[in-house]
Each structure stands twice: as structure tokens, then as C-alpha cells.
Amino acid sequence: MVAAPVRLSHGVSRRALSLIGLGFGDCGKGLFTDHVCRRWARDSVTVVRYNGGAQAGHNVVLPDGRHHTFSQFAAGSFVPNVWTVLAFPVIVHPTALLVEHEHLVRQGVVDAFARLLVDSRCLVTTPFHQALGRLRELARAANAHGSCGAGVGETVRHAQHRPEQALRYGELTNGSRLRDKVAVMQRSLLEEAEQALADAAFDPRAAPEWALLRDARVGERWIEQAMGVAARVPGCEPGRIAERLQGSATVVFEGAQGMLLDEWAGFHPHTTWSSVGPAAVRAVADDAGIGDVKHFGVLRSYLTRHGRGPMPTHDPGLDAVPEAHNASDGWQGEFRRGHPDAVLLAYARLCAGPLDGLFVSHLDAFGANQPPLRWCHGYRIQGDGDSAAFHGSSYDVDRVQSDLIVGLRRRGDRDLDHQTTLTRLLSAARPAYEREALRDAAALIRRYEDVAGCRVRLGSFGPSHEAVRSLAGLDL
Amino acid sequence: MGHGNYSHAAHQAMLADRAALSANEIFAQRGCHALMDPRGLKARESRDSADHPNSMPIVFALDVTGSMGAIPRQLATRDLPNFMKLLQACSIQDPQLLFMAVGDATSDRAPLQVGQFESTAELMDQWLTWSYLEEGGGGTGSESYELVFYTLAQHTDLDSWSKRKKRGYLFMTGDELPYPAVARHQVSALLGEVLDEDIPVEEVIAAAAETYHLFFLIPDLQRRRRCEARWRELLGDNVICMESPDDTCAVAAAIVGLTEGALANLDAVANTMKSQGIAADRVSATVRALKPYATRLDPDAVRRMHLVGGAGAPARAPWWRRLFG
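In order, the protein sequences belong to chains A and B.
Quick note: the first sequence uses numbering that gives the first Met the number 0, first residue 0, plus one each step.
Quick note: the second sequence uses numbering that gives the first Met the number 0, first residue 0, plus one each step.
Bear in mind the hints are in silico, worked out from the structure with no lab data behind them.
If you're wondering where the values come from, they're calculated on a predicted model, not measured in any experiment.
Note that beta-carbon positions come from the ideal geometry of N, C-alpha and C, so glycine has one too.
Some hints could be false.
Output of the computed footprint for chain A on chain B, the stretches with three or more beta carbons under 8 Å from beta carbons of chain A [what the hints assert, rightly or not]:
id : segment
1  : 4-10
2  : 81-91
3  : 121-132
Simulated DEER-style distance windows between Cβ atoms [what the hints assert, rightly or not]:
id : chain 1 : residue 1 : chain 2 : residue 2 : range
4  : A       : N142      : B       : A278      : 32 to 40 Å
5  : A       : A282      : B       : K273      : 28 to 36 Å
6  : A       : E190      : B       : G140      : 47 to 55 Å
7  : B       : A278      : A       : Q164      : 41 to 49 Å
8  : B       : A278      : A       : L415      : 46 to 54 Å
Chain B is faced by these chain A residues, among others (derived, beta-carbon under 10 Å) [as the list claims (entries may be wrong)]:
id : residue
9  : A53
10 : H92
11 : P93
12 : V98
13 : E99
14 : Q106
15 : G107
16 : D110
17 : S187
18 : A197
19 : P203
20 : A206
21 : L211
22 : L212
23 : R220
Kindly generate the complete structure, drawing on both the sequences and the hints.
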């Protein structure tokens, strides 16, 4: 790789920053990405998606009322001349790119494809991955993981399992080879479905997915669309992406999901097949020869969770908080809110490593007619049986008092047994709250800063970039 | 975490193409599928298994002549999952579906097609969509429905019958008359077996009725005139005159529920249908279509309806009495 020039040719030093969710997602990455892109829009800005795939959903609202949920295009795409890079190892969903592009055109963004670079090494999701992923989630029934149904996990899993079959974005231009690979892919995924899921319970939602896996005509239909996308946005070599990033005055690494959904740090099995934290940013930055990157954690003034998985401070009373774009529909299921949780924030910060600051959204959630937010500073374990299971295991919890858990520990980088234990612990945890509800945004910010060990740099007090205020300053 | 809406829409476009496709694309067969060709047919078996200990054989014999193509298409695009859901709601344990296609043996290339009994939705769907919708027929006012009765009587083997003396179900859709007899030359040409003589349709019906409850579903009231009288002579109250081909699945599921005693009466039918999200107008049409059959199952029903003032009479006075009484 070419060594990174310290200064750009026109004498502006490059700034690189990452936005990493510290919760379970839906924390405001879209809003803040839009904001930082606008802040430095005079020079060239490139937003890099470095993890996840089409299951991301980053909402951006403009002051004029336009709205788009960014999924594969960067959340800065409303800003003219901001480029998107889908870096390896992002999972690309070509047909969803087409759909999203159509939506963007309707919002007045007509050139998004012309501002997109896709690394040709990126894995590609086919309808067969998506169908098998959905069948797996349906077969789990009550034990569903909270999948988005976008096929991301299945694409990663299959590529690990059968590396020779993995389909990469760069291969979408070679029609005859693509046809062969897609046919093999369909056969292989159908076989797997038949072996693993043959006796899955009858669910009306499963029938069309089975039909798709068996339908000989789907492959051809998909290939036609996918090749259309690749004709407009040919996959590019890593060198071309490095060139783009090194030539940009501002490089924004826009994280998908959140630290608490990370494949290794999250609460197994309710996780995503993707690495979320600064290490994942670092890998992509190194690949492109980008030096220093400042990492910022993004979170809301309260906790949210979309889909299955434990969330100790969940409080249905908070549902009165308005939520424009995260309805409880589709594949993921319920959208839940919970009080701000010091234990989970400390844990997310522990998994992420040192941060250069926090961006906090929804700071306007403190108002006379809003439900009060309470600060959770620890957990108690519900029931004697459960507590017996955890009190003995000194590795997974920190306790200051005999019965109050104030922190979760990690054990190694890749220990899913331990992560499963944490999931059980969280499912049994009863939050311990401060006596008084949080009075205002300042009280919350103070506590966030204490726990995360860094300043809250930006805060948002409304839905659009205009409502973002610089708090401790963004010194880049 | 996000939403996956665009990927959902993209995926839906791949799936939903099914609904958008024409019948020709869903039913891609351009001739009888080799596995549905009845030539040399020994027996189609409906067997109990560890997973399905109480197999309940249900045969759909679909008229695939020109005027009747709507029903196979609806089943393939929409109704088959609904049918299974309805059966579940009627607590029918282990339904096994066999799809047959029937046309006119005097003129069609594939007037008799026979699938296999299947318990899983995707295999049912496979046989259904392997059916060749020849869209022939016409001219004579008759189709070869009698061949279906013959095939069931001669060539199916049901555990439900041999082990539990429970009969299976045949739902045949159609809008014309059967031929008066099973023709031996047709049996020889289609199934490759030798009969001594033609068999009158009444006889094959009697033979099939030993192991199946036989129902003939007429798709709408216009087409009733053409064929109802003759079918009533043959099958009596088991001729069901629907108001729309859309109701085929609901009617069939309700008949199984009523006959098996899982649904006590038409009220129970209506409640179950409603709870499964079927539109109110379709529920009433289904109930109306089933009235004659349900009445025969429960002969007291009519008397109960006319028992004014007796036990169970409505407590509230009729409206005219409240106005004028």
C-alpha cells in the first residue's frame, strides 16, 4: 500500500474520524454523520462504511422535512459531493442498492451511484442467502435472534463455510462465471436448508422462501439486476479506494449497528455478524493507508433496542417518546426503549477501548411532558436461583456491594460461552436506579462523561443537523 | 440496528414475482409432467409416520380446462398457505395433500394428472405447480371427472382408512358434467390397464365413496345452472355451490372441520374464518355455500332455527314488537 501523505496537495491536513454506536443501534449515527459531512463540506468528504451491510438503517431528516433511512449509501449523501465507500468487509446487497437509490432519487438525490465506490472484494448477498437466513430465523421460533432478514449473517456464514463458493462484488461483471456461481450457490444453500431445516414448523412466511430456493428462474432475474448495478458501479481495486481516501480532506467512518451487537462483544446469540468497534475501523484505515483516526462513541439520551435480546432497563412507560422512523414492524420485531444504563455504557466503552469523545442524540428528551429518565447505576439479580448461578462466577461481573453488579467483564476477545453467560445475566438483571430522575441534559451528560472517561463533544436537541450543538467542541 | 427495508423490498420483488407472474409462468409445464403421468400407476399412498401419526388424506382434483384456470392459480399464488392455516385452526392434525388435474379425455393431451400425497407446504406447492394447465376441454359439456373417482378408488392406499377407518376427502372443482361412464379405451390409453367393460359413473362414485368423502365444488352461481342438477343426483348435498372461486380453500377447510366435528356448526365456521383474518364478505359467502351440507350433518339445525319462543329463543323482542307491541 502507498504510504499515506501527511498533507493533502492543497495544504489542508486530512482529518479522519469514526462514529461508533455504543448501544444496540438506532443511536443517531445518521444524524451525526450528516452533521459532520456538512461541517466540512467545503473540502472533499468521503464516508466509509466499514462494517455490516444492508441491515443498517440510519435516519436522516432535513430541516425541510425530507427524510431518508440510509442503508448502504452513506448517511451524508444528502450533502452534495460527499462520496460513499463500501469498504471490504461490508456485505453488499446489490438489488437493495437499486431500491434505495430509487428512494433517494425521489428525495432529490439523483447522483448517488456516481458518488459510490465498492471494494471488489466485498461479499455479495443473493436472494438465496436471504431466504435461508429467514428460514433459519423462522425455525428458531420463540428463540429468534432478532434478525433483520437482510441475509447479511447468512452471507458471512456461508462464505466461511464454503469459501470457494463465496461471491464477491468484483465478480458481478463476468456474466457467464456469475451464472455458474449463482447456480452452485442456489443448489448448495437449498441443500443446506433441506438438511438443517426440513422439519421446521409450518409457518406461512416460510413457504415463499422455500419456493424461492427451489425456483430455477430467480437466479436469472437476480443476475440481470445485479449486473445492472455492477455496470453503473464497477467494483474497484483496493488501490483505487486508498487513492480516494487519501485524496479526501475529511474521511468519516460510519459504523453500523452498535458495540453491544458486535459479533464478539455483544450478548450472544443476539448479535450481528460484524465487528463494530475501533479495531474494525483501524483495519480498513490501515488497508487504505489512512493514519490517525479519532473515534467517537454515539448514543442516545436513553437506550433503545430493535428486535430480540436482553435489555435490563426496558420500560414500556418510555414509549410515549416520539419515534418517527423506527416502527415495530417487518422482520425485526419490537422496538423497545430503556433508561440510560451505566453498566452497559461502561461495558461498551470497555469493548471499544479509549474514545476521543461522545456524540449524544435526543438530548431534548427532558421536558415537562416527557416521561422522566432515570439513571441505572447497577443491577440486582432477580430470584435466588439466578443469583446462585452468577455469584460464584467472579469473572463476569464486578461488584462493589455484595449484591450490586456495576460492571460486566470480558473474558478474551472471542469467548462466546462467556458472552452467553452475560446474556443470561442480563436477562435476569433488575436495574437499580438513582433515587431521583435525571433533572436535565446536563445531569445526563455529566454521568455519561464519568462512565465513558471522555467528553460529550456534540449533542442533538432535535431531528435534523440544525439541532446539533457543539458542547465540548470538536477539535479536529 | 437497522431495518432492512430496502433489502426486504428487493427480496419481496424476487418472491412476489410469483403473484405478478402470469399463470403461464407459474405453471411452466407445457405437457404432462413425467411424475404426474398416471400411466402404469400402482398406488398413491397416504401413510402415517412418526411426525404425522394421524394422516388425513385430502385430494384436490382441479379442473384445468380453459374456464377453470383461476383456482389453480389462486392456490399457487395465495391460498395454499391459507388452506393449511385454516386446517390448523380447525385442529386437523396431519393433513396430507394430493393434487390431481382433470381435463377432457376425449380431446386433451393430459386429461388426468396425479401428484403424490405430501405433508410439507413446499412439496404440495411443487406438485401443484407441476400441473399442466392445458386449458382444453369444451365442446361436449362434459369433462372426464369420472376418471378421478376411478383413480381414487383403484389407485390410492390410505392409512387413515386401513388403520382407523377414517375416510379421506376429495374436493373436485369443475363447471361441467361427468361423462356417463369410465371408458375402458381411455383407461387403457391413460393408465395402461385393461378393463373388461366401461364402468358407469355411479359405480365409480360408490367405490370412491367407500374411502373418501366426495365433494364437487362449483365455482360460482352462474355456472351452477350448467351442471348442478346432475351432480346433485350423483353426490346429493356434497355438491357445494360457491359464490366465487376465491372461496375454494375456505370452503374446503370448513368442510373438513365440520365433518370431523372440529367445528360444531356454521357459527363455529364463521368464527374460525374471522379469527384467521378472512374478510367478512368472504366468510358470509362461505357460510352460505355450506348451508345445505351443514344442515344435513346437523338435521336439527333447521328446527332450531324455527323454534320461536322455545328454549334458547332470543331474549330481546323482535324490533317490530318493540315498535308496535
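Now for the hints, and whether the structure bears them out:
Under a criterion of three residues with beta carbons nearer than 8 Å to beta carbons of chain A, the stated coverage of the segment 4-10 of chain B is upheld, 7 such residues being counted. For a cut-off of 8 Å, the count of residues in the segment 81-91 of chain B with a CB near a CB of chain A stands at 4, and the three-residue condition holds. Residues of the segment 121-132 of chain B with a Cβ under 8 Å from some Cβ of chain A number 3, which satisfies the need for three, so the listed coverage holds. Here the CB-CB span from N142/A to A278/B is close to 34 Å, well matched to the stated 32 to 40 Å.
For the pair A282/A and K273/B, the beta carbons lie near 56 Å from each other, so the given range of 28 to 36 Å is not met. One distance hint, 47 to 55 Å for the beta-carbon pair E190/A and G140/B, holds here, with the actual separation near 49 Å. Taking the beta carbon of each, A278/B and Q164/A are about 45 Å apart, inside 41 to 49 Å as hinted. The given range of 46 to 54 Å is respected by A278/B and L415/A, whose C-beta atoms sit roughly 47 Å from each other.
Residue-level restraint check for A53/A holds (minimum Cβ-Cβ distance to chain B is 4 Å; threshold 10 Å). Look at H92/A: its Cβ gets to within about 5 Å of chain B, closer than 10 Å, so that hint holds up. The closest approach between the C-beta of P93/A and any C-beta of chain B is roughly 8 Å, which is under the 10 Å cut-off, so the hint is satisfied. A least Cβ separation of about 4 Å between V98/A and chain B falls short of the 10 Å threshold, and the interface hint therefore holds.
The interface hint given for E99/A is met, as the beta carbon of that residue sits about 4 Å from the closest beta carbon of chain B, less than 10 Å. Hint on Q106/A is violated. Least Cβ distance to chain B is approximately 13 Å, over the 10 Å limit. For G107/A, the shortest C-beta to C-beta distance to chain B is roughly 18 Å, which exceeds 10 Å, and the interface hint is violated. For D110/A, the interface hint is violated, since its Cβ never comes within 10 Å of a Cβ in chain B; the closest pair sits about 18 Å apart.
Below 10 Å, beta-carbon pairs count as interface contacts, and S187/A has none with chain B, the closest being about 18 Å; its hint is therefore violated. Taking 10 Å as the C-beta contact cut-off toward chain B, the hint placing A197/A at the interface holds, the least distance being around 8 Å. Taking 10 Å as the C-beta contact cut-off toward chain B, the hint placing P203/A at the interface holds, the least distance being around 4 Å. Of the supplied interface hints, the one on A206/A holds, with its beta-carbon coming within about 5 Å of a beta-carbon of chain B, less than 10 Å.
The interface hint given for L211/A is met, as the beta carbon of that residue sits about 6 Å from the closest beta carbon of chain B, less than 10 Å. The interface hint given for L212/A holds, since its Cβ lies 8 Å from the closest Cβ of chain B, which is under the 10 Å cut-off. For R220/A, the interface hint holds, since its Cβ comes within 10 Å of a Cβ in chain B; the closest pair sits about 7 Å apart.
Taken one by one, the earlier hints fail for this structure at numbers 5, 14, 15, 16 and 17, listed in ascending order.
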